[in-house]
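K.L.:
Using the sequences and the hints, build the whole thing.
In UniProt numbering, the protein residues as written are 1 to 249.
FYI, nobody ran anything at the bench for these hints, they're computed from the structure.
Each hint should be verified, as a subset may be incorrect.
[To be verified] Computed cross-link-like contacts, BS3-like style, restricted to lysine-lysine with a CA-CA straight-line distance of at most 27 Å:
| id | residue 1 | residue 2 |
| --- | --- | --- |
| 1 | K6 | K160 |
| 2 | K196 | K233 |
| 3 | K45 | K188 |
| 4 | K124 | K241 |
| 5 | K160 | K241 |
| 6 | K117 | K160 |
| 7 | K45 | K14 |
| 8 | K48 | K217 |
| 9 | K104 | K233 |
| 10 | K110 | K233 |
| 11 | K48 | K6 |
| 12 | K191 | K124 |
| 13 | K40 | K191 |
| 14 | K247 | K233 |
| 15 | K48 | K241 |
| 16 | K14 | K188 |
| 17 | K242 | K45 |
| 18 | K6 | K217 |
| 19 | K191 | K45 |
| 20 | K247 | K48 |
| 21 | K160 | K124 |
| 22 | K217 | K160 |
| 23 | K196 | K48 |
| 24 | K40 | K196 |
| 25 | K160 | K44 |
| 26 | K191 | K110 |
Here the structure is a predicted model, which means the values were calculated and not measured.
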Amino acid sequence: MSTSLKCIIIDDEKMARNSLKVLLQNYCPEVEVIGEGWDKTSMKKLFKEFNPDIVFLDIQLGNSTIFDMIPSHELMDFKIIFISAHDEYALKGYKYDAIDYLLKPVDPIKLKEAVNKVTQYINKEAASKSSVEENLKTLYNLRESPQITLSDARGLHVIKIEDIMYCIAEGNYTSIILNNQPQMVVSKNLKFFEEKLIQPNFFRIHKSNLINIHYLKLLSNDDGGHIVMSDGKTLSISRDKKRELLKRI
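P.N.:
This is how it looks when you write it as structure tokens:
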């Protein structure tokens, strides 16, 4: 059986969303629809709450386009498949590293091909990440006191990894919050630190947050999904990551 892919559909037309869901059920059974949005507000809420593999994005939402709502430089962990009734947006769409651009009405064969591309990308990324992790684990085991060298506006810093409390994504930058040390902002995205900090105590709880479990103070039971760190900072945690975190603490 194929590996399940989680997706979100963003389209301001309910009929179009329903039509795409039917096509996915019939031609791409490995894809599970976990959320639907129809405007900027609902879209942002879904992005914050879930961590999908694919987002099917209609380019025209009401009187605005998706390009007005999401900057092309904004880092996103999911794969985008644009869907539009107009082909004039295609070139601009690919600036967002879109996997594919499908025209309405969606051709089921082209939809299947686009989903297959996503699967191939994810498999390649997983293989690459596994190789990186093995190399980093080897380096980590050779060091008695693991450290990381980072640079910010003040200069070059050698930081003990155990002093990193959590990391917050800031577009193509990352804020590093340290124990009893000034906060750092470095020109590396959060994915870099997820791959670099491979010790068991580091865990990515959300597309924007990576934490050191040693500094976790509270895991909230409410439906909103948040945690509190030892410094009092409240961070968002996605539902699927919350279940995974419970198994690790």
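K.L.:
Are the hints correct? Go through all of them and say.
P.N.:
Tested hints:
1. K6 <-> K160: 36 Å, violated
2. K196 <-> K233: At roughly 23 Å apart (the allowed maximum being 27 Å), K233 and K196 satisfy the hint.
3. K45 <-> K188: Measuring from Cα to Cα gives roughly 25 Å; hence the hint holds.
4. K124 <-> K241: Holds. K124 to K241 sits at ~22 Å (cutoff 27 Å).
5. K160 <-> K241: Roughly 26 Å separates the two Cα atoms, so the pair holds.
6. K117 <-> K160: This hinted pair is violated, its Cα atoms lying about 40 Å apart.
7. K45 <-> K14: 18 Å, holds
8. K48 <-> K217: Roughly 22 Å between the alpha carbons, so the hint for K48 and K217 holds.
9. K104 <-> K233: 45 Å, violated
10. K110 <-> K233: Not satisfied, since the Cα-Cα distance of roughly 45 Å exceeds 27 Å.
11. K48 <-> K6: Measuring from Cα to Cα gives roughly 15 Å; hence the hint holds.
12. K191 <-> K124: 15 Å, holds
13. K40 <-> K191: 25 Å, holds
14. K247 <-> K233: At roughly 22 Å apart (the allowed maximum being 27 Å), K233 and K247 satisfy the hint.
15. K48 <-> K241: 12 Å, holds
16. K14 <-> K188: Violated. K14 to K188 sits at ~39 Å, over the 27 Å cutoff.
17. K242 <-> K45: Distance of about 17 Å is within 27 Å: holds.
18. K6 <-> K217: 30 Å, violated
19. K191 <-> K45: 21 Å, holds
20. K247 <-> K48: 22 Å, holds
21. K160 <-> K124: 31 Å, violated
22. K217 <-> K160: With Cα atoms ~21 Å apart, K217 and K160 stay inside 27 Å; holds.
23. K196 <-> K48: It holds: about 24 Å lies between the C-alpha atoms, which stays within 27 Å.
24. K40 <-> K196: 33 Å, violated
25. K160 <-> K44: 35 Å, violated
26. K191 <-> K110: 30 Å, violated
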